[in-house]
Structure formats: structure tokens, C-alpha cells
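So you can see what is in the structure, the chains are spelled out below.
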Amino acid sequence: MVDAATTHAIEYTINGERQQATVPARRLLVHHIRDTLGMKGTHIGCDTGSCGACSVIVDGRLVKSCMMLAAQADGTAIETVEGLAPDGALTPLQQAFNEQHGLQCGYCTPGLLMAASFLLRRNPNPSEAEIRRAIRGNICRCTGYVNIVRSIEAAAGPAASERAA
Amino acid sequence: MTTTAPPQTETWKGQSIRRTEDRRLLQGQGEFTDDVWMHRQGYAHFVRSPLGHARIRSIDTSRAARLEGVYAILTGDEVREMCPTPFFQIAPEPGGRIAEYPLAVDKVRYHGDAVAVVLAETRELARDAAGLVDVDYEPLPAVVDTVAAADPEAPLLHEQVGSNVVWKGDFDWGDVDWALENADHVVKIDRLHFHRFSSTPLECNAAVVHWDPGTDTVKVQSNNQMPMFASMVIGPTLGVASNRLTFSSQDIGGAFGIKIGSYPQIAALALLSRKAGRPAKWTEYRTDHMLSAGHGNERVFLDTEVAVLKDGTILGFKTRAFDDAGAYLHYEPLGAVIWSQVCCGCYKLRHIHVDYTETVTNKCPTIPNRGYSRLQHLWFLERVVDVVARELGFDPVALRKQNYVQPSDYPYETPNGCVYDSGDLPRSLDMALELIDAPKWRERQRELGRGSGKRIGIGIGSTLDSGTNNFGQARIINPNLPFSGNGEAAFVKLDLYGEINVNLGTTPQGQGHETTAAQVVADVLGTSPDAVHVTAGFNQQQNTYVAFSGTYASQFAVTGLGAAQGAAERLRAEIAEVAAFALQAPIDEIEIRDGNCFVRDDPERAIPFIGVANLIYSNNAVLTPELRERISLNCRYVYTPPFQVPDPETKTGNLTLTYASQIHACVVELDEHTGEVKILDYAALDDCGTRINPQLVEGQVHGATALGIGAALYEAFEYDESGLLQQASFYDYHAITALDTPDIKVGDIESPSPFTPNGAKGMGEGGGAPLHAVCSAIQDALSPDDAIVSDSHNPWERVWRLMRSGEHGEPRGVTVASRSDAAGSDATA
Amino acid sequence: MLLESVEYARPDTVEQALTLLSQREGAAPLAGGQSLVNVLKHRVASVELLVDISRIDELRRIEARSDGGLEIGACVTYDELDGSDAVRASHPLLADVAGHIEDQQIRDRGTIGGNCCLSDPTNNLPPLLVALDATMNIRSRSGGVRQVAAEDFFHGYFSTAVGEGELLCSITVPPLPSPGGAGYSTVSLGADSKALARAAALVRGNGVIEDARVVLACFSAAPMRHHGMEAALRGAPATAEAVAAAAAGIGDGLDPPGDVHASTDYRRALAPVVARRAVCQAIGNGGDERG
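Chains A, E and L, in that order, are what the protein sequence lines are.
Counted from 1, the first sequence has number 72 at position 72 by the working numbering; the numbering is strictly sequential.
Counted from 1, the second sequence has number 274 at position 274 by the working numbering; the numbering is strictly sequential.
Counted from 1, the third sequence has number 120 at position 120 by the working numbering; the numbering is strictly sequential.
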């Protein structure tokens, strides 16, 4: 992609699956995921990169897919909410959100699950303060964050290890 | 046959069972409106006014129309030609003369007013084309303050109304003049201001609208939360009969009242679809949402006078209220009466006079926002009580308890005829204070000396969450409106193989209706909620609706679940009849549990639901003609609360069925140097009667609390003098984050409502308690000579100024007049 | 949300990037994009060609220099600064400040170079880099590296010393003075959010302040050193009282902008507060309250 162009052929993996596409340079990654791939779990809640509803993991880093061009995804590995539990069973994190009532309308939820997944990979046993910092970029208007924090706490650390045992 | 039902004494109602909605939402399989896709759809983009007030000289769409991929463009002039009539107005004359169309005609009246809409092949093209629509504006002077707008000399928004005052009324109950004359103290408060904000649901408005030329019907798939109201408003304007206009929705990403307000855009999309001959898909972006989706009401209270006896009894008050409806009346001026559901708040005030004025201004139209119209008034009352306590030297806790409606008073009739159903406010307050350990903080407050740079304050917010409106109160606004009562529909059926299915008339946005309806229906039909399938979302074609249908105004637990219970009871009766016939047993000996019907004391004689369904659906020759005709296993029920029509003359009546209460307590720390406010502790005590699912109730309490704290400290919509919105995105509108939100302690008591089918009360709005509690706590942290907290929004600079107001000798905004014979009392300021 | 039509290129080397940037008038470098993509979404500025420099290896390195300083590539992200052992070892405050920029998602993509080149007066890193006396290394197609002191780099809103066809490639941060330290203080709209007033400080000395740099941000279009306060600090004892005395009244001579979040008067009043707190943190004395 050394040459400038208004469309680019890109190749990437999404939830482990290889994809090829030709994208307009101006297309945001989130619109590519939603409109072109038809994957509806990644949401849009703002137009300033503030709300985090579109959070996905790209090459192991948590990013907002509305703050990245689809062309920039070339050569990357993308993970979305659909990839968390491909076999249909809920992951311990998703189960914790269900048990702790960590979601109401569910619109922010996919982004929060990605933020929490990223946190727990980096820090399997986070404190409440660390959890709150890790979800600072995800706005939720329903829960007051209380049960989201509880959900992540429940999915983390010793509690989760015990359950897995 | 095995039975797994709990013992007869246990119910699913009251249990915190896990939500059935969650699985799809956790896996990215929800169906929100932007996930809806129709063949041949185009993408719509609105062209919006960059000015607060201007005449439209001309609109030139030719550059936009030339862009390849543009399907159609509509402007206000064209819309006026297409519409037989402007939107129906709730307001009487003169406010009722406002002529609003789906797009602005001749003038724009606020920053963000829609002047044109484009339909194009892609989202990007639609926006490109919208940018090529050339609008020539002649700027006009704007008015952005409701009190100023009422001035006859103010710039006029709607010429045909003749002034900006769209509704005016006098609410006068008891005898406030007597109270002020006989009071020992009259506390006068110059001005209190409740600011504009919005709960800003994370999913913005969206709709896919198809005016199908083949059937000449209009299909609206949207996230509008009060679809039948939308239908009634836009149907006549579109010239479409209500049986040709259908709404549906599945998952809605939060609404909080704001999504009542998307009907003008839906109407514009219908016309755009008709013109283009294609479905029109619209997904509002955040900036458009902030500019034009609707803001909560802003209200100013001037010249308040409060009558107080020397023992602390508050007799009543009078005030002049000005409500700012924004540029058009969307659902307004209903806000001018809704507040009177809680005219005296939690208190036994008997003498009330409110001179109420509602105006239009060059700002985004308001729309009901969580706590609608009551939270403004409840905030006002809580400020009044705190100011009275401070000025007259009363303990704010004791003063509240003394004046609260007492547990022995229920049912308590307010001066305007509302009936408070149940509760225990003094105990709620005690419990809230216990949760924060108030004495510890009082001690800490005393220890903090000058020079620490910090101040601590403890605050209380007492609120009522009035639920299940009597729409008859609309007649207090406009006696000619043929509205009264309320209701909700539900449909419960046994399906072909004996499955239980429930349809609701509601539009849930996270409240867990699928789960709680299954709990209620499971109890009636003697089964497990897992065996009850509740259809997700709203679909008008399921015929499960009344004109009031939707999800708003804290009423699902009463109206929605009342309807589900009623329909399930009907179905149970039908099942029992079919079983009695099949088992050749008397109907009163039929027992129903776990999907089977038994003869009491003879469990070998049984028929499963599938057998019952078989008889009705596919084996009916074995039935008697009478049973065949009468029984369908498809049971619709409409729950209606027991309301009468209020009296518009005296402005009295029973305006709401239930009164949940929320008492909040809050501890703040102020930074003397910067005005920053930090919440050190926070507790919410909730009483919403019988709780169907306590965990979901607690979730609502958390959410309402965070939004209230956000509004009290961070979130505001403000306009400059020319009418430009200063916080039009999440850059400047700081939606409260996980870092700004404290951990919230929650306690509860259950005072069942005697008026509802299940003892539950509507809840969820929370009455804005955090606004009251945070303002109260800031007030508590200030010095006695500082000004009173007179604004509901207290960002750092405002707090910083308040902390300096005393030493700068600024007006405190309050005065006290005491009778000479009261001078000797302890209560003298 | 929807950008205007634009071209995109992703060069592999700085040379290729400079070629693209100098060939086209409407070309702009795209690093983390955490500000620029927003600008483009809202169509408030027009760019014809986005030159994506975010994957150029040589711009992504952090090098601990032998003198105790750092050489930081322009495309190092905030999260990488926060997590870098080298940065933590020599300039822990820089890591902390980077670790409190907005949120994890923004820290995962936003870059130190982007933070500087967008030069938004509310940005976190410019005042700190000025206080630390960093040097900005700018390259042009002609091959030369132009070194500009951070103090001279920021010209105003979205305007810096980087000229057309040039690229900020790295930032050199000198070692902290010994004895001495750095400090930073912000008043913001919400936690880790838009700044209303900010100060960064660098102090040399122990017990007595030998030298100090005090930089204010949000008070003008670019970070500004407050030479008056610096002079007052020189030779003063390293006590909270002395710092407070040096900070007193510094807002009076300022003419900060007023906006919906903070008026001019309020910002003036905040100037001595943030300046005092930053200096107190630098001298390891929290003064009368939280730093």
C-alpha cells in the first residue's frame, strides 16, 4: 500500500477466519464490519470515539473500530464479540455478565466484553480501581457501571479459577 | 410424569432469576434497528440548520441531486405539499396554532432543525449529498432563555401563536395566602434553575421506513419507544390510516423517554420512501442526536415564598415556574401538568400555588427524559427544604422527617387529589443515612479545619417515582382532549404443540420484560419461566397494543405485568375448561402444573398442554360446538387502572396510580481551590412495593443514580446567545464514565401497593434523586454566608464560585421574613 | 462519522512517507488517528491523502540513552509509554501521564507524535515535554534532521514547527536533573478527560530550588512557560509555602480563553493551583492536599 489510492485491497483475519476485501479508503473499520461483513455485534454509539461501543481487539490491542480505517486493518487479526464463544456456549465472562446483571439494554455490552477480555488477558486479577480504569472508554447509560464492575470481578481471579476447577 | 414446580407456596415472582434476553445480547446477536436491512433500501441523511434562528430564503438541491447514487431529496416546501395537515398539537390555543411539519418550513427555529433529507445508495454518499444541499439563510435574533422568551418583545418563534408563551396556568390548592400570612417565617428564594440534559441512550434514534407502493402501507421498523403515540401523531400528517401504518421493534439500546421523540424524522422518512419508491434507512449519529433528538425540560422557579411555622412545619409555598419546551412542542405541554403528580413531593404540604408558564425558545425541542417533569419539581422541593433548614437553623434530617408523609397517613391524598399508595419515608431516610454511616462523616466534617483545602458535605434527596399515569391529566392542559385513563395489552396463548407464548405491547429497552413477564405468567400457569416464551420486542401486527402502549413513565410492573397476568389467567381458565371436558371432571377439580392438567386427588387422570392444544387447533370435531366456538387458547387482556377523569377547573384528580420512593444520601468532598467535587459515599434506598425481580430493580436503581450524578456534576446542554449548542458531542457533553461514578450502595424496603394486581409499583425513573442529593451535599459543604445552591448543574467552576460567594459579599439568593413573635424561637436565622 | 473521499497510502519507510508527503499538497500523516480520524469524520478539515506512518518500524522504538535520557519514536503509543520499562525507569511521570490519557482504546492507538503534532491546547503531553526540555527531531525529504526544542515546537491550535513535507520522527527527552524531579497537575472535566487547566514542572535542586521550569497549558494556544514563577522559585526553599508564594497571583497576568467549561476568570484562578501542585509534586512535597 505504498501507493496512494482511494480504494485498497485488504486481507485480514476476523475471529480466526481469513477475509479479503476491497475497501474505499474512507470507510471506517466499524462500517466494514457491520455493513460489509454483516456482523452486527459491534455497535456505534457516538461519532467522536468516546463511547467504546465499537471496541474490538486488533492484533491483541483494544481499539475503537470507529477510530480506524478499514484499510488500516490490512494484515491484522481482528477479534469481535462474535468470536468470544464461537461454539455458542457463553464464556465465563459472558456468564458473569448474565449472573451479575451486568447488562440492561445490551447496546454497550459487546464493547465492554471486549474491553474486559483485554483487561483479563493482561491482568487476570484486577482490583476494582483497575477494572474501572479499563472500562473508562466504554460508556454505559443503563447500569451505572456497578454490575459491570461486579461482573468483571466475578469473571476474574480466584473466583473464576475456582469455578473452572 | 414428573413434577418440578416449586411447592405451591413459592412463586417465581420475587426471585432474581437470570434474564433470558442476555444470551443474544452477550453474543452480539441482538437485533437493533441499524441491524435491520431491507432489499433496495437507501440510506437517509438529514440536512440540519447550522443556526439557531433563521428564515430560509431558498434551498437549492441541484448539486446534491446530480451526485451519482442519490435516490431522492426532500425539502420542507415539498413536505408541506405532501402532508394534508401539520402534526397534531396537544396544546390548546394559542400554542395549538403551531404548525410543525416533518421538515422545517420557511424558518429554522433551532440549531439542528432539519431542513431537508437525502436518500442515497450508501451512508457516505447520503452524507456527501447532504453537504451539497445549498441553503440560503437569513439569520434572525434568537431567544434561549425561557423567562426572556415570555417577554412580549422577545424574538418570536411561531408568528401565528402571537407570543412565545405556549401554555399558561395557575395551580392553586389550599390557601397559600393564608399560609404565608400565618407563617412564623417566610423564606423567599429568588431563583432556582433546573438545567437541560439528557440521558443520551447509547444507541441513537434509528428507523427503517418503507412506504410500500404495492400495498400502500407504511412499515416502520424503529426504536421509537412509544409507537402508538407516534402513530397517532404522524398518521394524519402522512394521510395514512392507522391500519396501514405499522410499527415494530426488537432490541432498543436505551431510550429513557428520549426515544418518544423520533416521530418527526420517521414521518420525513416515510415521505422520502414514498418519493423514492424504496425503503429509507436512517441511523442518527451522535452529533445529530445531541442537536435534535430531544433534551430534558429546563425549568426556572422565580420568587418562591415558603411558609414555615416555628416548630418546623412547612405549610406550603408559592412560586412562578417557567418551563422551556424548546422550539416545537413534542409531547409538550404535558410537562406543565405531569409535575403535579408530585406537587407536594414527599411532604405534607397543604397550600401550594404555582403560576406556570411554558414557552418555546430557539433550542432543541424537549422530550420526556427519565423522571420527566417530576424531577424538576422534586429538585425544587428538595432545594426548598434544604434552604429552609439552613436559613432557619433546622437539622435537614429532622425537618424532612417531620414534614414527610408518615407511614400511618397512607393512603394519603395530596392537595390536588392524588393518592399516595404506601411507603415508609422516615425509615427509608434512616436506612439511607445508615448505609453511608452519616455520623462518621459529620465527625469528619467537623475535624476538617480551614486550610485543609477540602470541605465535606452530606446531602439527602427524597423523591417519589410516580408511575402509571392517568392520561386524563392532559385535560388539565387542554379540556378538549379526549384522553383519560391508561392501559396496556398482553397476549398469552398455548401454541400448536402446547407451548406457552406471550406477546407484550411494550417496547423494552433493557428493563427485562421478557424475563419478568415469564415469571408472572409461569406463576399463573403453574410452570417454570423457562417454559414461557416471551416474543422479543414490539410488533403492531401481533395486535397486542392499546393507544398507550410502549415503555415509558415507570409503569411496566403495573400495566404490562398486569396485562400479562390477566391474559395468563384467561388462558388458564380456558385450559382448565378444555381439560375438564377431556378428563370428564368438574372444572373446579382441575389442577394445572408443569404443563399438565390433573384431576385433583386422581393424578392418573391427566392431559398435557399438547393434548389441550391438539383439541382446539387440530382435533376440534371431538369438542362440543359450544367449546369450539368459545375457546381459542389465544387470550388477549388489557389491563386498565381504576382512574376517573380529573377536573380541569380545579386541576385536581388522581393523576397516577403508584408512588415508589427513593431516598438517597450522599457525601461529597469539595476542593476549595478548584471547585472539584468528589463523591466519597453514596447510598440509594428504594421502595417500589413488591419486587417481581429484585436484581432487575436494583439495576434500575444503579442506572438512575449514575445518570443523576452525571447530570448534577457533568452533563448539560447549553446554548450561546445566538442559539448554538455548546455541547453537541461526547467531546463536550461529558457522559459520566466508570471512573466518575462511585460505587453505589443500595438498600430496599417493600411497601406493597394496595392498588395494583401484584403489589408492585412502577419504578426505574428514580425521580432524579441524585440531583437533589448532590446539590444538598454541596450546600451542606458551603459556609453559612455563601450563596445557596440554586442550579441543578454544578460543574467545578460553579462550585468554586459558590465557595467564594460569601467572602465576596455576593447576593445569597434567599431572604427570610419572620414574625416578631417568632423572633425568640430557636428557629430564627 | 462518515469521512469525505480520501486517498490512503501506507509507506514502509520514513523516506517513502516523506516522498508522499512532499509530493501532494493535501497530504497529511496519519499516526494513531485518535484525533485526526475524528477531525475527518466531522469534516472540519479536508485532507486529500492520508499517509499512514503507524507501522514504520523506526518510528516505533523507545531507546534508553546512555546519558539517562530517552529517544522516543513518534509512533510509540501512550500505552507503550505507560508499559515501557525504560520510560518507567528514567521518566516515570511520563509513563504515568501517558497512562492517564483518556482510555485504554485511545492509549492503544494514540501516539506521542500525534499528540504533539495535533497540538490541541488541551493535549496531555505537550506541556510535559516542554517542561522536560525535550527536543523534537523533524525530518524532511532532503534528508536532514531538524532539531527543535519542544518549547519552540508548539505554535498554536493544530500548528507546529513541522513544515510542509516534513515529519516529526522522534522526541529526545533529556535525563531528569539530579537532584530534582518532575511534576504534573490537571483540572479536568471528568477523570482522565478533557483538561480545563494543566501545568507541568521540572525542578533541579534538593532543599533549595536551583532551577525550575513551569509550563502552563489550556491558557493559550500553545503550552507556555511561566518565567515569572520560575524566577521566583530559583533560590527558594523547596517547601510548599515557598512554592505557594511563587505561584500566588500568576493567573493575573494571563489572558486564557473562556469557554462553556471554564471562563477566563476561572482559568486565571486555576493557574496558580495547578502550577503549585505540579511544582510540589516535582519537589516531592504534596503541600496541603492531593498533588
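Honestly, the hints are just simulated from the structure, not real lab data.
Errors might be hidden in some of the hints.
Said to hold, decoys possible - Distance condition first, Cα-Cα at most 20 angstroms in a straight line; then the derived EDC-like pairs of lysine to aspartate or glutamate:
(1) E:LYS13 - A:GLU130
(2) E:LYS348 - E:ASP175
(3) L:LYS194 - E:ASP216
(4) E:LYS678 - A:GLU99
(5) L:LYS194 - E:GLU718
(6) E:LYS188 - E:ASP785
(7) L:LYS194 - E:GLU721
(8) E:LYS678 - A:GLU130
(9) E:LYS678 - L:GLU102
(10) E:LYS275 - E:ASP190
(11) E:LYS454 - L:GLU241
(12) E:LYS107 - E:GLU721
(13) L:LYS194 - E:ASP785
(14) E:LYS745 - A:GLU17
Okay, the hints, checked on the actual structure:
Straight-line distance between C-alpha atoms of LYS13 of chain E and GLU130 of chain A comes to about 37 angstroms, which puts the hinted pair past the 20 angstroms bound. The hinted pair formed by LYS348 of chain E and ASP175 of chain E meets the criterion: a straight-line CA distance of about 14 angstroms does not exceed 20 angstroms. For a cut-off of 20 angstroms, the pair hint linking LYS194 of chain L to ASP216 of chain E is broken: about 51 angstroms separates their Cα positions. At roughly 30 angstroms between alpha-carbon atoms, LYS678 of chain E and GLU99 of chain A are farther apart than 20 angstroms, so this suggested pair is violated.
For the proposed pair LYS194 of chain L and GLU718 of chain E, the alpha carbon gap of about 17 angstroms is at most 20 angstroms, so the pair holds. Of the pairs offered as hints, the one joining LYS188 of chain E and ASP785 of chain E holds, with about 16 angstroms between alpha carbons and a cut-off of 20 angstroms not exceeded. Taking the CA atoms of LYS194 of chain L and GLU721 of chain E, the gap is near 24 angstroms; set against the 20 angstroms cutoff, the hint is violated. For the given pair, LYS678 of chain E sits about 18 angstroms from GLU130 of chain A by alpha-carbon distance, which is consistent with the 20 angstroms threshold.
Of the pairs offered as hints, the one joining LYS678 of chain E and GLU102 of chain L holds, with about 19 angstroms between alpha carbons and a cut-off of 20 angstroms not exceeded. The hinted pair formed by LYS275 of chain E and ASP190 of chain E fails the criterion: a straight-line CA distance of about 54 angstroms is larger than 20 angstroms. The suggested pairing of LYS454 of chain E with GLU241 of chain L holds, with an alpha-carbon distance near 18 angstroms, which does not exceed 20 angstroms. Note on LYS107 of chain E and GLU721 of chain E: the hinted pairing holds, with a Cα-Cα distance of about 18 angstroms set against a maximum of 20 angstroms.
Distance hint between LYS194 of chain L and ASP785 of chain E is unfulfilled; the C-alpha atoms sit about 33 angstroms from each other, more than 20 angstroms. Our distance criterion of 20 angstroms between C-alpha atoms is broken by LYS745 of chain E and GLU17 of chain A, whose separation comes to about 44 angstroms.
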